[in-house]
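Undergrad: Sequence:
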Amino acid sequence: MKIKKIFQSIKWFMLISGIMIVILGITMLFTPLKNLVAMALFIGICMLVSGVSEIVSFFNENKDKGSGWLMLSGIVTTILSIWIIFGKGSNVLISLLVFIFGVWVMASNIFRIVDLFTLGNHEEIAQWGWSLGFSILGSLLGFLLMFSPIISSVIISYAIAFMLISYGSNNILIFFRMRRFSDYIHRNSRD
1 MKIKKIFQSI KWFMLISGIM IVILGITMLF TPLKNLVAMA LFIGICMLVS
51 GVSEIVSFFN ENKDKGSGWL MLSGIVTTIL SIWIIFGKGS NVLISLLVFI
101 FGVWVMASNI FRIVDLFTLG NHEEIAQWGW SLGFSILGSL LGFLLMFSPI
151 ISSVIISYAI AFMLISYGSN NILIFFRMRR FSDYIHRNSR D
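Mind the numbering: the sequence shown is residues 1 to 191 in the numbering used here, read in order.
In short, the hints are calculated from the structure, not lab data.
Certain hints may be false.
To be verified - Here are the computed distance ranges between Cβ atoms for each label pair:
hint, residue 1, residue 2, range
1, I172, V103, 32 to 42 Å
2, I79, S166, 29 to 39 Å
3, F176, I113, 43 to 53 Å
4, I79, L29, 26 to 36 Å
5, G129, F176, 39 to 49 Å
6, V103, N188, 48 to 58 Å
7, M163, I79, 23 to 33 Å
8, I172, A38, 21 to 31 Å
This one's a predicted model, so the numbers in the text were calculated from it and none came from an experiment.
All C-beta atoms in this analysis are idealised placements derived from N, C-alpha and C, irrespective of residue type, glycine included.
Let the sequences and hints guide you as you build the complete structure.
TA: Dropping the structure here:
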């Protein structure tokens, strides 16, 4: 019976978390720039937890040869996280994230272009011209995104919003699968 209660609570947790995550994703669609600031704050909080954990780990470990590096890493991470959370670090983090996104889009498309030319015989590759055209457009878009932080911010926020909506929807679907499974177990336990 205890397993049945645990199963029930997990099932309802999946539904509630799924609905909340979908609502968060939909909210992100309507406020993309504010959400990037929230994401930077979230990264800062995660860094703070990580830094404090490293410092605590340093004091709980045996004082090995390399343990001083753990303490140094914890201190640096904690200082950076405090700067991100309470200072102007979130703006810097957003700018870096947006720039890195642009570089990534541009570099991945340049690698595709190089890959297309190294494949050899262009006639044997289906849609070689289309692939080349889209890769060139993608690399130009990446270049544009590096110098257009607002467009990059919106794209990143929308991508995160759609991932959250997808993840939350999946949790809701898991709830219904678990519900059917629970009904199946309940029917068969009577026999």
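Undergrad: Which numbered hints turn out to be false for this structure?
TA: none
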